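Student: Below are the chains, spelled out letter by letter.
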Amino acid sequence: MHFKIEKFTFCFITFGGPKTDKGNRMFRSVIRPSTCVRCLLNRIQYSSTSKSKSEVDPGAVFIRKDVQDLLTNITGFDLSRIFRTRTNKNLDRIVYKYLTDKQLKEEKEKTVERGRAKLQMPPILTEAKENVEILEKDEMLGGFSTSKHLFIDISLGVPIRDRLIVARDVDGTLRTATLDEKRRMRQIYFPISGRELVMPKMFEEEQLEKILERRDYQLILDRACIQFEPDESEYIRVTHRTFEHIDKTNSYDVLRSTRHFGPMAFYYVWFKKVDRLMSDMLSRNLINDAVSLLQLYAIIHPDSKVGTYEFHDTNPHRLIEAFIDDEARIPDLLSETFRQYIRKNQQAVSNG
Amino acid sequence: MLGALFHYVKKCPQVMLMPVRTSIYTNVTAQDLWKTITSVSNAGAKRGRAKRRGATKFKDLNLGQRIGQGKSNIQWPGLNAPVIQGREPVPIVERPPDPMREQRLLEVRNRLDRFRRLSIPPSERGFTGGSPAGKSLGQPESINEMTFENFDSRLIEFKTLQRTIGKIGRKKFTSAFVAVGNGQGLVGYGKALTQDAQQSLQKAKTVAARQLLYIPICDGHTIFHDFYEAYYFTKVRCEKRPPGYGLRCHRIIALLCRLIGIKDMYAKIDGAINPQNVTKAFLRGLLKQKTYQDWANAKQLHLVEYRPEDDYFPRLLASPNNGQPARTSLEIDPDEDLDFERLCFEGRTLDKRQSAEQSEPWYATKDKTRYGWYKYLRRRHWETVQENATIERLARMDENRYDSYYRYPDEYHTDVLKQLKQRVPHVWYPRV
Chain A
1 MHFKIEKFTF CFITFGGPKT DKGNRMFRSV IRPSTCVRCL LNRIQYSSTS KSKSEVDPGA
61 VFIRKDVQDL LTNITGFDLS RIFRTRTNKN LDRIVYKYLT DKQLKEEKEK TVERGRAKLQ
121 MPPILTEAKE NVEILEKDEM LGGFSTSKHL FIDISLGVPI RDRLIVARDV DGTLRTATLD
181 EKRRMRQIYF PISGRELVMP KMFEEEQLEK ILERRDYQLI LDRACIQFEP DESEYIRVTH
241 RTFEHIDKTN SYDVLRSTRH FGPMAFYYVW FKKVDRLMSD MLSRNLINDA VSLLQLYAII
301 HPDSKVGTYE FHDTNPHRLI EAFIDDEARI PDLLSETFRQ YIRKNQQAVS NG
Chain B
1 MLGALFHYVK KCPQVMLMPV RTSIYTNVTA QDLWKTITSV SNAGAKRGRA KRRGATKFKD
61 LNLGQRIGQG KSNIQWPGLN APVIQGREPV PIVERPPDPM REQRLLEVRN RLDRFRRLSI
121 PPSERGFTGG SPAGKSLGQP ESINEMTFEN FDSRLIEFKT LQRTIGKIGR KKFTSAFVAV
181 GNGQGLVGYG KALTQDAQQS LQKAKTVAAR QLLYIPICDG HTIFHDFYEA YYFTKVRCEK
241 RPPGYGLRCH RIIALLCRLI GIKDMYAKID GAINPQNVTK AFLRGLLKQK TYQDWANAKQ
301 LHLVEYRPED DYFPRLLASP NNGQPARTSL EIDPDEDLDF ERLCFEGRTL DKRQSAEQSE
361 PWYATKDKTR YGWYKYLRRR HWETVQENAT IERLARMDEN RYDSYYRYPD EYHTDVLKQL
421 KQRVPHVWYP RV
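If you're matching them up, the sequences are chains A and B in order. For the first sequence, full-length UniProt numbering assigns the number 1 to the initial residue and increments by one for each residue that follows. For the second sequence, full-length UniProt numbering assigns the number 1 to the initial residue and increments by one for each residue that follows.
Worth double-checking, as some hints may not be accurate.
Taking CB as the label site, the calculated pair distances span [what the hints assert, rightly or not]:
#1 A:Thr-146 with B:Glu-360: 42 to 50 Å
#2 B:Ala-197 with A:Asp-92: 45 to 53 Å
#3 B:Gly-271 with A:Asp-92: 22 to 30 Å
Reference excerpt, derived from the structure (chain B facing chain A, CB under 7 Å, subset only) [what the hints assert, rightly or not]:
#4 Pro-242
#5 Lys-299
#6 Arg-307
#7 Ser-329
#8 Leu-338
#9 Phe-340
FYI, nobody ran anything at the bench for these hints, they're computed from the structure. Note that this is a predicted model, so its numbers are computed, not measured. Glycine included, C-beta positions come from ideal geometry on N, C-alpha and C.
Turn these sequences into a full structure, and let the hints steer you where they fit.
Tutor: Rendered as structure tokens:
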């Protein structure tokens, strides 16, 4: 795959900015995306052009507080899994410290905060639509160069996604940049460490299948989170494929206490593929998580029968039974696991 | 008279007259010739010259040869061929020379040498080729009912020394210092001094096997904490390292670590490097290691560990269990040293002033930039800085990699003239 090197120049006056700003941003991007998710979604909603009635934006639903609370409940918070040992390329020295009781407490609180930051969920969005606006058509400038020129605004204080990126084609038209051009320019001028300009071979379909066979889900999802923005078509393709594979192999537990469990559950609920996940939860005696899933289902699909359930007073067993009767796609599996769960419960009760 | 003979020979071409030149090769016997290089004076013999250095031995060069066979392969009937074959007499025939003759002779003569350097496979080699130090001596022999399965013994130091004994004069001894270990925490070291080399190795091995020490290992791969230990003038500083680091130590310490079962450690020896003192200092330091509980009790505070592979998650190793609670920050003197690293080394710190100089070799001169060290640095800069990027780039360019770099023509030339005129294409090697 050849891609010609375009000349990048900028015609806006630049001020030498403090380096700490970018450094902080790059460090933060390791834990969370480069901009706050809420602001990102606001911007995307504002700039999206078409919004037909049938197309509901999943991002708008994802960002709701009740949905986020439910997803964090389902994800769990096991500190040992959040800070688990990664492949150790970091051969730095181990640090030992003497701490008083108070300092120990503070450290524990700090790690909880750090853990929460690590669990910030990348949103599920629709694909971003390319809207190329032609700003000016100047045929007199046609043929001024053998390649097109791209311009980006690098003045201080503007969020990266808001920056104006325009292209002057060879025939003289001045237009806003396409999505791919925007992505590349942003990465060159405001780079995020870990993000490549060319999509890594790992995300191509053949190679992706190989990694999925190995069940290395965290690797793919973490790297996709760094490499792509959540509204890129590639990100959507990769994440959806991974979630499908996890559903087939019933390996949901791999992603518990990671930032990807929430989006995964949201994906299943959005496309009404909840059954296997629910049966997995029941087999692990997580009845509350199963109820939270149903609540999520009610919020996302208010027209369905689950939307009519009352979650406050009813017994969770009744809710699940009602779901098996109404909306379950694989009712046999669910009822089987539910029966086993009840049996285990009764045994536990009888044993004391 | 010779002149007259010469003229006569010129007239009759069938007669060949070769003047025999008398030389030492023809006048003197082989034994006398060899004596000139093998003989050693009496005084020299006392000093042991006849055995090692003056060790040219008499070699019978006739071995491997037969009368009648030489460089030119001629068949002499009566000597190396029968006189009559069937009914006809065998003629004098010159056969083509045998190319393997020289090699065969060399092989025969080499086999006569007693001391030959055998080629040893790399896994069995010691520290250097010259000395047997570092070599494995196999499993120690079982004592009574104790068998030493999974034990390996290694020679650390092998010395030959002489002692002057009254009336006899000088006597040669060999000293061997051997360490024995099983890779799971048990080590022992032993020394022996005997007259025979093999005996001293075996004796040292049995001594080491009798005196075993148990050394606790942290997580199965490293020491618990850094330590410093000195023994006479040998100072050893060992530091704990994460898994995957390897043994970055002096070869003796690395050898001992392999016998103990330590896989990741950094060690630096300062002062005299005496093999016996190094082992003693190292093992002493290992045995003196404190548990985390002891460290916590010493300072009456909680001991917390931050590992880089766990993203610096604080893990509580030990809390003081004396009965008294951990101290509060008010009770701690502000001047008190709570730096764990410094406490491990008992207040000693590293002199880091020389580190910048140490990273450059002694032959790096600053004004030489077109060749030498700085040119090498500039050449390697691209690889070191763009290491991952080059790997990614090459992975992406799988099929097309060589096309773009080697610039081979698309068509395969069948025209002979074109092939003759074709120059060797300028090869661009990728910066890998």
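Student: Confirm or reject each hint.
Tutor: Here's how the hints hold up against the structure:
For the pair A:Thr-146 and B:Glu-360, the beta carbons lie near 46 Å from each other, so the given range of 42 to 50 Å is met. Between B:Ala-197 and A:Asp-92 the beta carbon distance is about 47 Å. The supplied range of 45 to 53 Å therefore holds. For the pair B:Gly-271 and A:Asp-92, the supplied restraint of 22 to 30 Å holds, since their beta-carbon distance comes to about 28 Å. Evaluation of the B:Pro-242 hint against chain A yields a held restraint, the C-beta minimum of about 6 Å falling below 7 Å.
Checking B:Lys-299 against chain A by beta carbon gives a least distance of about 6 Å; that is within 7 Å, so the hint holds. Hint status for B:Arg-307: holds, given a least beta-carbon distance of 5 Å to chain A, under 7 Å. The beta carbon of B:Ser-329 is positioned within 7 Å of a beta carbon in chain A (closest approach about 5 Å), and the interface hint is therefore held. Given hint, B:Leu-338 at the interface with chain A, holds; its Cβ is 5 Å from that chain's nearest Cβ, closer than 7 Å.
Below 7 Å, beta-carbon pairs count as interface contacts, and B:Phe-340 has one with chain A at about 4 Å; its hint therefore holds.
No hint from the list above goes unmet by this structure.
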